[in-house]
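Visitor: Sequence:
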Amino acid sequence: MNLKNKVNGKRIGIIGLDTSHSTAFVEALNSPNPDAAYDGYKIVAAYPNGSKTIKSSYERIPAYTEQVKKLGVEIVSSIKELLTKVDVVMLETNDGRPHLEQALEVMKAVKTLWIDKPVAGTLVDAIAIFDASKKYKVPVFSASSLRYATNVQETANGTSAGKILGADTFSPCPLEATHPDFFWYGIHGIEILLTVMGTGCKQVSRVHTEDTDVVTGVWKDNRIGTFRGNRKGPNEYGGTAFGEKAVVHLGPYAGYEPLLKEIVKFFNTGIAPVSVDETLEIYAFMEAADESKRRGGIAVTLDAVMKKALSKKKIIH
1 MNLKNKVNGK RIGIIGLDTS HSTAFVEALN SPNPDAAYDG YKIVAAYPNG
51 SKTIKSSYER IPAYTEQVKK LGVEIVSSIK ELLTKVDVVM LETNDGRPHL
101 EQALEVMKAV KTLWIDKPVA GTLVDAIAIF DASKKYKVPV FSASSLRYAT
151 NVQETANGTS AGKILGADTF SPCPLEATHP DFFWYGIHGI EILLTVMGTG
201 CKQVSRVHTE DTDVVTGVWK DNRIGTFRGN RKGPNEYGGT AFGEKAVVHL
251 GPYAGYEPLL KEIVKFFNTG IAPVSVDETL EIYAFMEAAD ESKRRGGIAV
301 TLDAVMKKAL SKKKIIH
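Residue numbers (our numbering): 1 to 317.
Watch out, some of these pointers could steer you wrong.
What the hints assert, rightly or not - Straight-line alpha carbon distances no greater than 25 angstroms define the calculated PhoX-like cross-link-like pairs of lysine-lysine that follow:
| no. | residue 1 | residue 2 |
| --- | --- | --- |
| 1 | K80 | K69 |
| 2 | K10 | K85 |
| 3 | K312 | K137 |
| 4 | K69 | K55 |
| 5 | K313 | K108 |
| 6 | K80 | K10 |
| 7 | K265 | K108 |
| 8 | K85 | K137 |
| 9 | K293 | K220 |
| 10 | K42 | K55 |
| 11 | K220 | K202 |
| 12 | K163 | K245 |
| 13 | K308 | K220 |
| 14 | K69 | K261 |
| 15 | K135 | K307 |
| 16 | K80 | K108 |
| 17 | K134 | K308 |
| 18 | K202 | K10 |
| 19 | K163 | K220 |
| 20 | K314 | K135 |
| 21 | K134 | K232 |
| 22 | K10 | K55 |
| 23 | K312 | K85 |
| 24 | K135 | K85 |
| 25 | K85 | K265 |
| 26 | K10 | K70 |
| 27 | K293 | K307 |
| 28 | K134 | K220 |
| 29 | K135 | K312 |
| 30 | K85 | K69 |
| 31 | K55 | K232 |
| 32 | K265 | K137 |
| 33 | K313 | K135 |
| 34 | K85 | K108 |
Stated by the list, open to error - Label pairs and their in silico Cβ distance ranges:
| no. | residue 1 | residue 2 | range |
| --- | --- | --- | --- |
| 35 | E210 | T53 | 35 to 45 angstroms |
| 36 | I271 | T159 | 20 to 30 angstroms |
| 37 | E74 | K313 | 31 to 41 angstroms |
| 38 | E210 | P32 | 24 to 34 angstroms |
By construction, these hints were calculated from the structure, which means they are not laboratory data. Just so it is clear, CB atoms sit at the ideal spot from N, CA and C, and this is done for glycine as well.
With the hints as extra help, turn the sequences into a complete structure.
Guide: Written out as structure tokens, the structure is:
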């Protein structure tokens, strides 16, 4: 469901300075000579606190805070204060677990909201965020920047290879004990896979070793797509798509700018370029992969994990 919300200004606020995404977005938007595609949007304020328990995240906050201050960003002491100074919000907290609480505060203030990956720390919370988006009539958009990697969009829309018959993708896949395995980083390669394959995955099975994960998805029309998550070797992103007209290479990573341009379009229109159903299917795919791992690699349906998550559905107040 797409929600339209008229934005009357171009002041962006950031929640979370514990990720390099925050500084990259500030550098692009607050540049002395920004790309015209950014349409005058500027990041004017930031609430720095992100993860409280993930050391690799919270250790970044002091340096990133000083970095964005030099680019004209005001540092505030709370989300409540942030919301008085901005028109739209980028939720950048690296840790997905507080996203629901943070997002609710933004949505209750009726501010159009971009949420960086992962949209939440659990599938249950991801569902709750989109339920809140509907309840408060606030547009929400979330995606990995790899959705806009080289040749991914062209392949997804049929330009590069025609109808997609199957695809294999890969990305780095470090694990974080506080999150479902792929929510933390494997989402990048998985989002490439589901972008080009489209929705309709019915089941996944997973092979897991210390250094590697391989997930095989079977779609309802019997197409097969695979994701390989690497914890050793070069940090590369990409894949291969097999189309009716051609076999094409996906990637490499194209930086943050293509995603940032989509975020600006979203702020201007209130229309997310990725549907709620597609976004939730990505998270159900990753949750099903975790369940397959727990059950020794057997196939697990996305319907089963969605039903389980919906049985724990949170009531939004």
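Visitor: Hint by hint, note whether the structure agrees.
Guide: Hint-by-hint comparison with the structure:
1. K80 with K69: holds, 19 angstroms
2. K10 with K85: Roughly 11 angstroms between the alpha carbons, so the hint for K10 and K85 holds.
3. K312 with K137: holds, 23 angstroms
4. K69 with K55: holds, 22 angstroms
5. K313 with K108: This hinted pair holds, its Cα atoms lying about 19 angstroms apart.
6. K80 with K10: holds, 18 angstroms
7. K265 with K108: holds, 22 angstroms
8. K85 with K137: Measuring from Cα to Cα gives roughly 21 angstroms; hence the hint holds.
9. K293 with K220: holds, 22 angstroms
10. K42 with K55: violated, 29 angstroms
11. K220 with K202: Holds, at about 6 angstroms.
12. K163 with K245: The hint holds at about 8 angstroms.
13. K308 with K220: holds, 20 angstroms
14. K69 with K261: Since the Cα atoms of K69 and K261 sit roughly 23 angstroms apart, the hinted pair holds (cutoff 25 angstroms).
15. K135 with K307: OK: K135 and K307 at ~21 angstroms, within 25 angstroms.
16. K80 with K108: This hinted pair holds, its Cα atoms lying about 11 angstroms apart.
17. K134 with K308: OK: K134 and K308 at ~21 angstroms, within 25 angstroms.
18. K202 with K10: violated, 41 angstroms
19. K163 with K220: holds, 15 angstroms
20. K314 with K135: Holds: K314 and K135 sit about 13 angstroms apart, inside 25 angstroms.
21. K134 with K232: The hint is violated at about 41 angstroms.
22. K10 with K55: violated, 33 angstroms
23. K312 with K85: violated, 36 angstroms
24. K135 with K85: holds, 24 angstroms
25. K85 with K265: Distance of about 21 angstroms is within 25 angstroms: holds.
26. K10 with K70: holds, 20 angstroms
27. K293 with K307: Cα-Cα ~19 angstroms, so holds.
28. K134 with K220: violated, 28 angstroms
29. K135 with K312: Since the Cα atoms of K135 and K312 sit roughly 18 angstroms apart, the hinted pair holds (cutoff 25 angstroms).
30. K85 with K69: Between K85 and K69 the Cα gap is close to 16 angstroms, so the pair holds against 25 angstroms.
31. K55 with K232: holds, 21 angstroms
32. K265 with K137: holds, 18 angstroms
33. K313 with K135: holds, 14 angstroms
34. K85 with K108: holds, 15 angstroms
35. E210 with T53: 35 to 45 angstroms: Given a distance of about 24 angstroms, which is not inside 35 to 45 angstroms, the answer is violated.
36. I271 with T159: 20 to 30 angstroms: holds, 22 angstroms
37. E74 with K313: 31 to 41 angstroms: holds, 38 angstroms
38. E210 with P32: 24 to 34 angstroms: With Cβ atoms ~47 angstroms apart, the hint is violated.
Checked against the numbered hints above, the structure violates hints 10, 18, 21, 22, 23, 28, 35 and 38; every other hint is satisfied.
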